[in-house]
Amino acid sequence: MRLEARKVTYGYSAGRDVLTDVSLSIESGRMMFVLGANGSGKTTLVQCLAGLRVPRTGCVRLDELPIEQLSLRERARALGIVPQIHEPVFDYTVGEVVLMGRAPQLTMLSRPGRSDWKAARIALDRVGLLPLIDRPYTRTSGGERQLTLIARGLAQGARCLLMDEPTAHLDPTHQHRILSTIQTLARDEYAFVVTSHHPNNALSYGDLVVFLIEGHTEYSGLPERMIHKESLAAAYGMEFEIINGIGSVCAVIPRTRPRDQKA
Amino acid sequence: MRGRKSLVACGAVIGVIALAVGGIGREVVDQLGNVVEIPESLSRVASVYGIGTFYVYALGEGERLTVAWYVGIKTVEKATPAMLRLEPRLPEILSSGDPSIEGILLLDPDLILCDWTENASFAAQAALVGIPVIQYEAETPEEVRELMRITAQVFGNEATAEAFSADYERVLDTVATAVAGLPEQERVRVLYLGTGVDCVASGDMYQRHLIEAAGGICVSSDLVGSWNTVGLEQILVWDPDVILIAPYGTVETVDVLHDPTWRAINAVQTGRVYKMPRLFAPWDTPVPESILGVAWMAEQFYPSASSVDFDAEVLHFYTEYYGFDLTDSDWSVLHEQ
Amino acid sequence: MKTKRARSFWLLASLTAALAVAALALGRYPVPLIDVFRSLLGLDGAAEVTRALVLQVRLPRVVAALCVGANLSAVGAVFQGMFRNPLVDSGILGISSGAAFGAAVSLLVVPSAAAVQGGAFAFAAVAVALVGLIGWRFGSSPLVLIIGGVLVSALFNSLLGLVKYVADPLSTLPAITYWLLGSLSGTNWSSLWPLLAVTLPGLLFLLIVRWRLNLLTLSETEAMSLGVSVRTFRWVVLLVGTVLVAVSVALSGMIGWIGLVVPHLSRAWGGPDHTRMIPSSIVLGAASLLVLDTVSRTAMTSEIPLGILTGLIGVPAFLVFFWRFLRAREEVR
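Taken in sequence, the protein lines are chains A, B and C. Counting in our numbering, the first sequence runs from 66 upward without gaps. Counting in our numbering, the second sequence runs from 139 upward without gaps. Counting in our numbering, the third sequence runs from 25 upward without gaps.
Please keep in mind that the hints were generated in silico from the structure rather than gathered at the bench. Just so you know, not all the hints are guaranteed correct.
Chain C stretches covered by chain A per the calculated footprint, using a threshold of three residues with CB under 8 Å from any CB of chain A [what the hints assert, rightly or not]:
(1) 164-177
(2) 228-234
(3) 240-246
(4) 249-255
(5) 294-305
Backbone N, C-alpha and C define an ideal beta-carbon position, used for all residues, glycine too.
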């Protein structure tokens, strides 16, 4: 399975493009991090990749097929969006939330059956949440909610999941739990595109990285090669300290001390 | 010399007092107990009380009205042909809705006739701007007579009021005597319908007094307030002998007589469903001719026992008080109910 | 857990059916239960007036109460999910106000029962069309639609005031006032059939798509990423809901609180999953309104308007739910 964006340009209003000539490509078994500042167009990119927004120029292809040629349901069976966690209004159980992911597998007039519940249970098991299947969603922690939404994406049958800042609002423990779960899933022939604010996460968990700088994709490649002072300064507009591990970059820290004060 | 001067002085004082008393005009006590000064000339009377207006006509003083509210007549289209004959100026002087003090002031009235429950604040405003206001209201037969008396006093026509009261008594007594001999079981049970087929008059309303004055029993006398909606089942439980329908309601006698769900009711089975008559004003409101309503009801309730000559009373009433000649079409309207 | 819930649901449904039969035996006019069965089954033995009463007066009214209660509750449940707001009543989007204005205008001009029903329905549709126009122009997010509903309601309420002002205070005005208080008095088979004709397919539709209604509680992006073309589905469901409410209000007048409180009851019993909430709202709503209507026509000599009863009982009931909801939120924190 291969998801590819070729020279995608998109703007909400005429004259102001959010994405310009964006290209990227991801295959099964890989986890790609998209790094960029606030307002750089990460969410728009995710929506274009999922086919929810139609680019003005360029195209998105899924296994060589232009994504507009697929129906909404076919698309949903291949691609899933995992949104940021939000405050739920109603207290569905974790299992019921995941079950909603079966929507593209069901016709308009049918209801989930035993096989759908089985798929939901498998999905929950894969993210390690099966014991919580009957817990009300409102009584779960932030990390558990994010895992639930991932499970929903898996229940869709999607082989590629697009995740919009999945580690926002989470403490380090939960961040690790989410990202390591995704890493394990990626090895099982899933593909993940993760937008993020945390270059360190890309270094620790990602297979690929791409920077989104003012609507352009740049510095695309291996994280330890592409995450350096130049790319970070271009993306975030500030200086970073690079911490080297054995042979390659292993962490970055924003430079907080003034320039003329050396360590 | 001194004696004559003091005599002249006394005479002047007496003369001034006499002039003052004569110039004030009459004083009338209205139903609220207020003493109201009636001006000498009453050529521009405003009647904001839709019931009271008809008392002015019953005293033959209709031409003094400059603007008037009429019960049951919101627009000229709603007036009966007889009403238009009684008052040809109706399109110019008819008014409706909430009275506005400025609108009335523009017409420069000498006197305002007003009711005290609906239009109390209007009456207060009129008093503030210095227009004499008579406040009254009739909700029972006694108050009807009092209203006639007060209105007659206003127009300096006490004799008519006495004649009216006498006629009123006479009709009531005739009906009462005719009914007095009847035992309880033979008293007629009456249901009064209003604006809809399940809308029933309450015991607080004027209609109940008319029914009882005519010797009937009002089945809904324990209801309170204004029109009440009761279900068909309750009407079946009451099982009235006679059903009366208000003249301004949207219900026709045929609606009741031909509705299959009403078939079990005594009144429907015997065909005793009637719509109350109305010549100018509905006879079930406290207008002067509502006494005819009593006479009419007595005739419907107890056709054999009734000793009131309905036609004679109607004729007497309309010619004597309203000065109105009834045509054949008027008679047929009154009889067809 | 699931079978226990299923069992209690069927118990509730049977109870409702039993209540319906009992309601046929209750009323100001005494009718023994055996005569109710005789009339229903077409057997001899009941007096003609009893049979006419049961079949022509009580039965259409009981059916009407069940339908109106079910409609208002089911649509209330659907709207609360669709607008992601548990404070929404089924009359939102101006349906109730439009219907009130339509009925008042009919009473002013052509006061026949059929005209009143038709007028109420027509103007309920106009009100919703106006809200739809606002949504089309300004984007159909739940917030915009709710605000549009508030504005359109206010507009029709003012127009209603105007109608009341010009209405004849002896005949028309009391009729308008009474209609506004809500009542099923005077329901017969001829006024009932439009309601039946719409209720059966409408509720059936909602039952068939009830699982998919859960997806309407998601944001538009989420639902679309799940392969559901939300916009079409949302408009279809909105249309069905509107028609169900409009035809109910056209017959019964303004009855509030049922569409707001019953879904909360239903959610407390089986959770927010529409798979359970729609059937239980239907049954609970039907039963509630049936009980209230039976009280309305039996308790006192004159009928107590239904809208008053639903308000008197609905408001304290809602306060109880709201208090529990707040307490549950405290616990989570």
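For each hint, the structure was consulted:
1. 164-177: violated (count 0)
2. 228-234: Since three or more residues must qualify, the claim that chain A covers the stretch 228-234 of chain C holds, with 3 doing so at under 8 Å.
3. 240-246: holds (count 5)
4. 249-255: holds (count 5)
5. 294-305: holds (count 4)
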